[in-house]
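Listed here are the chains, written in short residue letters.
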Amino acid sequence: MKQYKFSYFFGQAVRGLWRNGVMSFASIAVLMSCLIVLGSFTMLVANINVNLDELGLQNEIMVFVEPDLTDDELLRVEQMIRNISYVGEVRHITKDEALDYMIEQVGEENRDLYEAYRDDNPLSDSFEITNIDGAHYTDVTYSLSQIEGIRKTRDQRALANMMQSLKNGVTLIFSWFLVILFVVSVFVIINTVKLSVYSRKNEIVVMRYIGATGLFIALPFIIEGAMIGLVSSMIAYLLENVLYGYIQSSVSDIVSIIHIIPLSDVRLTMFFGFAAVGILTGVIGSAISISKYTRN
Amino acid sequence: MIDFTNVIKAYPNGTVALNGVNLHIDDGEFVFVVGATGAGKTTLMKLLLREEKATSGTVVVDNTDLSKLSYLRVPHYRRKLGIVFQDFRLFPKKTVYENVAFAMQVVGVPNKKIKKRVPALLNTVSLGDKSNCFPNELSGGEQQRVALARALANNPKIIIADEPTGNIDPKMSLEIMNLLVKINKLGKTVLVVTHEKNLVDYYQQRVIMIDGGVVSDDRVGGMFE
Numbered sequence: 001m002k003q004y005k006f007s008y009f010f011g012q013a014v015r016g017l018w019r020n021g022v023m024s025f026a027s028i029a030v031l032m033s034c035l036i037v038l039g040s041f042t043m044l045v046a047n048i049n050v051n052l053d054e055l056g057l058q059n060e061i062m063v064f065v066e067p068d069l070t071d072d073e074l075l076r077v078e079q080m081i082r083n084i085s086y087v088g089e090v091r092h093i094t095k096d097e098a099l100d101y102m103i104e105q106v107g108e109e110n111r112d113l114y115e116a117y118r119d120d121n122p123l124s125d126s127f128e129i130t131n132i133d134g135a136h137y138t139d140v141t142y143s144l145s146q147i148e149g150i151r152k153t154r155d156q157r158a159l160a161n162m163m164q165s166l167k168n169g170v171t172l173i174f175s176w177f178l179v180i181l182f183v184v185s186v187f188v189i190i191n192t193v194k195l196s197v198y199s200r201k202n203e204i205v206v207m208r209y210i211g212a213t214g215l216f217i218a219l220p221f222i223i224e225g226a227m228i229g230l231v232s233s234m235i236a237y238l239l240e241n242v243l244y245g246y247i248q249s250s251v252s253d254i255v256s257i258i259h260i261i262p263l264s265d266v267r268l269t270m271f272f273g274f275a276a277v278g279i280l281t282g283v284i285g286s287a288i289s290i291s292k293y294t295r296n
Numbered sequence: 001m002i003d004f005t006n007v008i009k010a011y012p013n014g015t016v017a018l019n020g021v022n023l024h025i026d027d028g029e030f031v032f033v034v035g036a037t038g039a040g041k042t043t044l045m046k047l048l049l050r051e052e053k054a055t056s057g058t059v060v061v062d063n064t065d066l067s068k069l070s071y072l073r074v075p076h077y078r079r080k081l082g083i084v085f086q087d088f089r090l091f092p093k094k095t096v097y098e099n100v101a102f103a104m105q106v107v108g109v110p111n112k113k114i115k116k117r118v119p120a121l122l123n124t125v126s127l128g129d130k131s132n133c134f135p136n137e138l139s140g141g142e143q144q145r146v147a148l149a150r151a152l153a154n155n156p157k158i159i160i161a162d163e164p165t166g167n168i169d170p171k172m173s174l175e176i177m178n179l180l181v182k183i184n185k186l187g188k189t190v191l192v193v194t195h196e197k198n199l200v201d202y203y204q205q206r207v208i209m210i211d212g213g214v215v216s217d218d219r220v221g222g223m224f225e
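Protein chains in written order, with the numbering used here: chain A, 1 to 296; chain B, 1 to 225.
Check each hint, because a few of them may be wrong.
[Unchecked claim] Across the chosen pairs, the derived CB separations fall in these ranges:
# : chain 1 : residue 1 : chain 2 : residue 2 : range
1 : B       : S216      : A       : V205      : 28 to 36 Å
2 : A       : S264      : B       : H76       : 50 to 58 Å
3 : B       : S70       : A       : L52       : 51 to 59 Å
4 : B       : Y71       : A       : I258      : 54 to 62 Å
5 : B       : D129      : A       : S199      : 29 to 37 Å
6 : B       : Y71       : A       : D133      : 52 to 60 Å
7 : B       : K53       : A       : S165      : 55 to 63 Å
8 : B       : K53       : A       : S199      : 26 to 34 Å
9 : B       : Y71       : A       : S250      : 38 to 46 Å
[As the list claims (entries may be wrong)] In silico lysine-lysine, DSS-like type, Cα no more than 25 Å apart, as pairs:
#  : chain 1 : residue 1 : chain 2 : residue 2
10 : B       : K116      : B       : K68
11 : B       : K68       : A       : K292
12 : B       : K53       : A       : K292
13 : A       : K201      : B       : K112
14 : A       : K194      : B       : K93
15 : B       : K94       : B       : K68
16 : A       : K201      : B       : K53
Rather than coming from a laboratory, the hints here were simulated on the basis of the structure. Every residue gets a Cβ at the ideal spot worked out from N, C-alpha and C, and that includes glycine.
Model the full structure from these sequences, guided by the hints.
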């Protein structure tokens, strides 16, 4: 077989695709849809994760103290926070730092307006508690409420929980959807390649009697399946790019606090991911179709 | 050398196609295998081609015990055989040359060797001038000659012809049979499965008759019945 040119296998595969045009088209359409759903779902989950991480929602509490505390009292409050079990890191944010952060957030054009408060800063000192043991979150908030000098605490557990359940819900629905789509894709490819196999049935019988190996007989069909996968994945990749680009610009315009992963960061991964899943699905489908004919 | 020893072949539906076949064919013999439809001839061929395995007993071809042959070795075993079918089974979209060359390409013969050997094979079957024709441009007899050239392509030790004259007229049948005799004289073992009484009697070779799944008669010198 090593003497046999690759062009033979490739030519037979192209001929097979052409001969069963309608089925080839159907296979490509189904697999492409499947890949677009896979890509969209992966990007959605990745974006939820990035936003969850960025907000540090799950294990962070902000503690604001009374505005008139002395330095000694601030130290005492900090020490008491540090003494609470399950608290990870504690960072003291002075009211000046809080003002700087605020100015940074509102932008240069409004700087003067906020700088006016520098000498009579209405903000209070705060402590940022991070790396809290999630299992003892309630214990930590209770202990904080017992410390004298703390005006209020702020955590975003409700939002975090909402986003987490959203992520879980999306994962569950899309996973099932994907499984069904992949099964359908494999079946359509099996039938497409089966038509090719059927149209070359006599040829296959002769090849077997001549002494062709199973691989020699199967290879054109495997390549045919891989080509269906490759074409589907390339179309899916292009469409996903357009779709994601559109969503990215729309979301950024409407809700600026949501961070969207830039397309340029994932383009390469998406390209190879699509190609790998597409080709693998095609190869599995065609291998199943031809297996009966390569047995002796 | 082909050896069948107490070969029984029963299919899963309960049909016993061969019921204790014993036969021995030496290298270089010319043998007709005859018998009525359903007698077991096809099963005998399937066992020889290792398309089926014997339920019990042993089939040994050229020192290879077919019951012990692994799945991966079957294609290599088949390269020792040249098969001729009743319906020729040529590739309609390949020329005469390509049909013969394909058999060699499949088993990895270098192109240089193919270019040398195919014209020689076509000359052997007197089709040297038809190498660029397509099968549908040839008569039945000529198509069967192409099939013979293809069967010889990889220089097999044994030629198995399944009703090789079934689809061609009597004159052409003689031509094909003469070719098979010629091939036999080159040292190949030739097995011809046939229904044609006249041919069997005409060539006066060894005749093995299969009846009811056993060898009912085995004699040299023709005589179908």
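Each hint tested on the structure:
1. B/S216 <-> A/V205: 28 to 36 Å: With Cβ atoms ~30 Å apart, the hint holds.
2. A/S264 <-> B/H76: 50 to 58 Å: 53 Å, holds
3. B/S70 <-> A/L52: 51 to 59 Å: 56 Å, holds
4. B/Y71 <-> A/I258: 54 to 62 Å: 58 Å, holds
5. B/D129 <-> A/S199: 29 to 37 Å: 32 Å, holds
6. B/Y71 <-> A/D133: 52 to 60 Å: Because 59 Å falls inside the window, the suggested range holds.
7. B/K53 <-> A/S165: 55 to 63 Å: 59 Å, holds
8. B/K53 <-> A/S199: 26 to 34 Å: 30 Å, holds
9. B/Y71 <-> A/S250: 38 to 46 Å: 57 Å, violated
10. B/K116 <-> B/K68: 36 Å, violated
11. B/K68 <-> A/K292: OK: B/K68 and A/K292 at ~21 Å, within 25 Å.
12. B/K53 <-> A/K292: With Cα atoms ~17 Å apart, B/K53 and A/K292 stay inside 25 Å; holds.
13. A/K201 <-> B/K112: Answer violated: A/K201 to B/K112 is near 29 Å, above 25 Å.
14. A/K194 <-> B/K93: 21 Å, holds
15. B/K94 <-> B/K68: 36 Å, violated
16. A/K201 <-> B/K53: 22 Å, holds
The structure fails to meet hints 9, 10, 13 and 15 from the earlier list, while all remaining hints are met.
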